[in-house]
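Numbering of the sequence shown is given in our numbering, commencing with residue 37 and proceeding in unit increments.
What the hints contain is simulated information worked out from the structure, not anything from laboratory work. Remember, it's a predicted structure, so these values are computed and weren't measured experimentally. Each hint should be verified, as a subset may be incorrect.
Claimed, not checked - Distance condition first, Cα-Cα at most 20 Å in a straight line; then the derived DMTMM-like pairs of lysine to aspartate or glutamate:
1) Lys177 / Asp153
2) Lys177 / Asp136
3) Lys69 / Asp168
4) Lys177 / Asp130
5) Lys177 / Glu91
6) Lys177 / Glu94
7) Lys56 / Asp45
Claimed, not checked - Label-pair distances were calculated between CB atoms; the ranges are:
8) Gly131 / Phe107: 13 to 21 Å
9) Phe73 / Ile122: 27 to 35 Å
10) Leu57 / Asp130: 38 to 46 Å
11) Ile113 / Thr41: 39 to 47 Å
All residues carry an ideal CB built from backbone N, CA and C; glycine is no exception.
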Amino acid sequence: MPSWTTPADWSTQERVLASKLNAQLRDNLKWLKSRPFANVVMTATVNTTSTSFVELTESRITFTSAGGNIFMAACGIFSNSITGTINTFDLAIDGTRQGDATVGLTQITCPNNNYPDCLSLLYMTSSPPSADSHTYSIYWKVSANTGTILTRFAAIEIR
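Start from the sequences, fold in the hints, and give me the full structure.
This is the structure we're talking about:
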């Protein structure tokens with residue numbers, strides 16, 4: 037992975053050498069573009085009947101960050117077998133959910149039996165996790181009956 041070079045303070049009439057300019061422009065741009073990223077696309081639907089939060093293990097991704105904030109995004113479709121049930125979703129870092137203890141990051145009520153509705157979750161950490169390997173995942177629960185999900189999930193370090 038490229039390394040960051042502290043920006044130079046240029047002096048008037050200072051001679052700019054190719055090596056200095058490359059370190060300032062090319063190498064720093066490579067560092068900015070090399071941020072850690074991972075994603076997963078589910079290839080089959082997954083079901084749950086759990087009324088307490090469980091990890092959607094098919095959503096689990098792991099990568100090593102450099103210590104920057106993490107942006108997570110999930111999008112997909114879900115349904116529940118019964119009208120009026122509440123489906124609750126949350127995002128987690130190393131198994132620690134980021135949303136509210138009860139309502140997670142979002143709750144969606146099913147309008148009809150087995151109605152495929154859209155799921156969209158976006159979250160960015162307010163303080164970055166340590167520079168280390170971390171696992172990111174989706175947690176979910178249903179108020180009753182059987183929930184079904186098919187989703188795509190991604191996490192990226194924002195420097």
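Results for each hint:
1. As the CA atoms of Lys177 and Asp153 are separated by approximately 16 Å, the hinted pair is consistent with the 20 Å bound.
2. The straight-line distance between the Cα atoms of Lys177 and Asp136 is roughly 13 Å, inside the 20 Å bound, and the hint therefore holds.
3. For the hint pairing Lys69 with Asp168, the CA-to-CA distance comes to about 19 Å; that is within 20 Å, so the pair holds.
4. The straight-line distance between the Cα atoms of Lys177 and Asp130 is roughly 18 Å, inside the 20 Å bound, and the hint therefore holds.
5. A distance of roughly 9 Å separates the Cα atoms of Lys177 and Glu91; the hinted pair therefore holds under the 20 Å criterion.
6. Annotation: proposed proximity of Lys177 to Glu94 holds, straight-line Cα distance about 15 Å (limit 20 Å).
7. Annotation: proposed proximity of Lys56 to Asp45 holds, straight-line Cα distance about 11 Å (limit 20 Å).
8. In this structure the supplied range 13 to 21 Å holds for Gly131 paired with Phe107, their Cβ-Cβ distance being about 19 Å.
9. For the pair Phe73 and Ile122, the beta carbons lie near 32 Å from each other, so the given range of 27 to 35 Å is met.
10. The given range of 38 to 46 Å is respected by Leu57 and Asp130, whose C-beta atoms sit roughly 40 Å from each other.
11. The hinted window of 39 to 47 Å between Ile113 and Thr41 holds, with their beta carbons roughly 45 Å apart.
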